[in-house]
Amino acid sequence: MIEMTKIVRTISSLVYPLTIIFGAFMIMHGHLTPGGGFQGGAIIASGIALVIVAYGSEASKDFFSSEKLAKYTGIGSMGFAVIGVIAIALGYAFLHNYLLGTQLFGYVPDGINQGFINSAGIEPPIEIMVGIAVSCGLGLIIYMFSQLGEVEE
Amino acid sequence: MKKGIYFLVLLLFISTLVFTAFSIRSFGAPPNSDMDNYIIENGQEETGANNIISGVVYDYRGFDTLGEVTVLFTASIAFMVLIRRLND
Numbered sequence: 000m001i002e003m004t005k006i007v008r009t010i011s012s013l014v015y016p017l018t019i020i021f022g023a024f025m026i027m028h029g030h031l032t033p034g035g036g037f038q039g040g041a042i043i044a045s046g047i048a049l050v051i052v053a054y055g056s057e058a059s060k061d062f063f064s065s066e067k068l069a070k071y072t073g074i075g076s077m078g079f080a081v082i083g084v085i086a087i088a089l090g091y092a093f094l095h096n097y098l099l100g101t102q103l104f105g106y107v108p109d110g111i112n113q114g115f116i117n118s119a120g121i122e123p124p125i126e127i128m129v130g131i132a133v134s135c136g137l138g139l140i141i142y143m144f145s146q147l148g149e150v151e152e
Numbered sequence: 000m001k002k003g004i005y006f007l008v009l010l011l012f013i014s015t016l017v018f019t020a021f022s023i024r025s026f027g028a029p030p031n032s033d034m035d036n037y038i039i040e041n042g043q044e045e046t047g048a049n050n051i052i053s054g055v056v057y058d059y060r061g062f063d064t065l066g067e068v069t070v071l072f073t074a075s076i077a078f079m080v081l082i083r084r085l086n087d
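In the order they appear, the protein sequences are chains Y and F.
Mapping the first sequence onto numbering that gives the first Met the number 0, position 113 (from 1) lands on 112, and the numbers just tick up by one.
Mapping the second sequence onto numbering that gives the first Met the number 0, position 76 (from 1) lands on 75, and the numbers just tick up by one.
It should be emphasised that the hints constitute simulated quantities derived from the structure, not laboratory data.
Fair warning: this is a prediction, and the values are worked out from it, not measured in the lab.
Watch out, some of these pointers could steer you wrong.
Claimed, not checked - To give a feel for the contact side, a few chain Y residues facing chain F, derived at Cβ under 7 angstroms: (1) Gly110; (2) Ile111; (3) Glu122; (4) Leu147.
Unchecked claim - These stretches of chain F come out as covered by chain Y in the derived footprint (C-beta under 8 angstroms, 3 or more residues): (5) 24-33; (6) 40-49.
Said to hold, decoys possible - Okay, the calculated beta carbon distance ranges per label pair: (7) Y:Phe21 to F:Phe21: 41 to 49 angstroms; (8) F:Leu81 to Y:Gly110: 42 to 50 angstroms; (9) Y:Val84 to F:Leu10: 55 to 63 angstroms; (10) Y:Ile85 to F:Asp63: 15 to 23 angstroms; (11) F:Glu40 to Y:Ala58: 20 to 28 angstroms; (12) Y:Leu147 to F:Leu7: 35 to 43 angstroms; (13) F:Pro29 to Y:Arg8: 46 to 54 angstroms; (14) Y:Pro33 to F:Lys2: 36 to 44 angstroms; (15) Y:Lys70 to F:Ala20: 25 to 33 angstroms; (16) F:Lys2 to Y:Ser12: 19 to 27 angstroms; (17) F:Phe21 to Y:Ala58: 18 to 26 angstroms; (18) F:Gly27 to Y:Gln102: 18 to 26 angstroms; (19) F:Glu44 to Y:Arg8: 27 to 35 angstroms; (20) F:Leu7 to Y:Phe93: 28 to 36 angstroms.
In this text, a Cβ means the ideal position worked out from N, Cα and C, and glycines have one as well.
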């Protein structure tokens, strides 16, 4: 995949930080607004795809590496399982919401609330882990596809 | 002769589709709504999340979401291993 013109490269380098920030916002506010880990991760992966398409597969080797993307995919999906196993260590069922009514960045509200950022117990940590796994997993697939196109030329 | 048989089969197929489309249950009227009503009434109180879809996906059905993430992890890692073989 060859790099595109200077216009496309300039615009994409302006747009892709905003795309990644919007994806991070959607992951962080998944328990309050529409969206969540999967949707925000897909938005971040689309930002990665924008960089790869605009700069070409040769230059995108400087931005990404397949080892790092694979490592963070594993960290995300293993962190989800670890959050679930902590509930077993505390004496509840697997993936029980053990953070409700405890202290984490202030009192975590147990019940109907106005929508605080630290509400909903273990949902925001799980969403962050899912967001890391989905964004790096989809980014890894897009990156490896671009490298495959380079080989066949 | 052959064209007539094809036309009959096509007519049967289309009439089946149209009959199904008209006899389908109207939108928003499921056969069993006990679970839906329970989640709509108690979901916000039990999970503490304002987004009830998030409450279902990450709290009530958290194990299902763990399986989805595992599927995505397996797919991306297997794809990376396959393409690395082709690159060498």
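Checked hints:
1. Taking 7 angstroms as the C-beta cut-off, the interface hint given for glycine 110 of chain Y holds, the closest approach to chain F being about 5 angstroms.
2. Of the supplied interface hints, the one on isoleucine 111 of chain Y holds, with its beta-carbon coming within about 5 angstroms of a beta-carbon of chain F, less than 7 angstroms.
3. Because the beta carbon of glutamate 122 of chain Y sits about 5 angstroms from the nearest beta carbon in chain F, less than 7 angstroms, this interface hint is met.
4. Given hint, leucine 147 of chain Y at the interface with chain F, holds; its Cβ is 5 angstroms from that chain's nearest Cβ, closer than 7 angstroms.
5. Closer than 8 angstroms: that is the beta-carbon criterion, and the segment 24-33 of chain F has 0 residues meeting it against chain Y, so the requirement of 3 is violated.
6. Figure legend: the segment 40-49 of chain F, annotated as covered by chain Y; annotation consistent (6 residues with Cβ-Cβ distances under 8 angstroms, at least 3 required).
7. Range check, phenylalanine 21 of chain Y to phenylalanine 21 of chain F: about 43 angstroms between beta-carbon atoms, so the 41 to 49 angstroms window is met.
8. About 49 angstroms separates the C-beta atoms of leucine 81 of chain F and glycine 110 of chain Y, a value consistent with the hinted range of 42 to 50 angstroms.
9. Range check, valine 84 of chain Y to leucine 10 of chain F: Cβ separation about 59 angstroms, and the 55 to 63 angstroms hint holds.
10. Between isoleucine 85 of chain Y and aspartate 63 of chain F the CB atoms are about 19 angstroms apart, so this pair conforms to the stated range of 15 to 23 angstroms.
11. Distance hint check for glutamate 40 of chain F and alanine 58 of chain Y: the Cβ-Cβ separation is about 54 angstroms, which falls outside the suggested range of 20 to 28 angstroms.
12. At roughly 48 angstroms, the beta carbons of leucine 147 of chain Y and leucine 7 of chain F sit outside the given window of 35 to 43 angstroms.
13. For the pair proline 29 of chain F and arginine 8 of chain Y, the supplied restraint of 46 to 54 angstroms holds, since their beta-carbon distance comes to about 50 angstroms.
14. Between proline 33 of chain Y and lysine 2 of chain F the C-beta distance comes to about 52 angstroms, which lies outside the given range of 36 to 44 angstroms.
15. With their beta carbons about 49 angstroms apart, lysine 70 of chain Y and alanine 20 of chain F fall outside the hinted range of 25 to 33 angstroms.
16. The beta-carbon spacing between lysine 2 of chain F and serine 12 of chain Y, approximately 60 angstroms, falls outside the hinted interval of 19 to 27 angstroms.
17. For the pair phenylalanine 21 of chain F and alanine 58 of chain Y, the beta carbons lie near 56 angstroms from each other, so the given range of 18 to 26 angstroms is not met.
18. At roughly 41 angstroms, the beta carbons of glycine 27 of chain F and glutamine 102 of chain Y sit outside the given window of 18 to 26 angstroms.
19. Hint check: glutamate 44 of chain F to arginine 8 of chain Y, Cβ distance near 51 angstroms, so the stated range 27 to 35 angstroms is violated.
20. Taken as a hint, the range 28 to 36 angstroms is violated for the pair leucine 7 of chain F and phenylalanine 93 of chain Y, whose Cβ atoms sit roughly 56 angstroms apart.
Hint violations for this structure: numbers 5, 11, 12, 14, 15, 16, 17, 18, 19, 20, all remaining hints satisfied.
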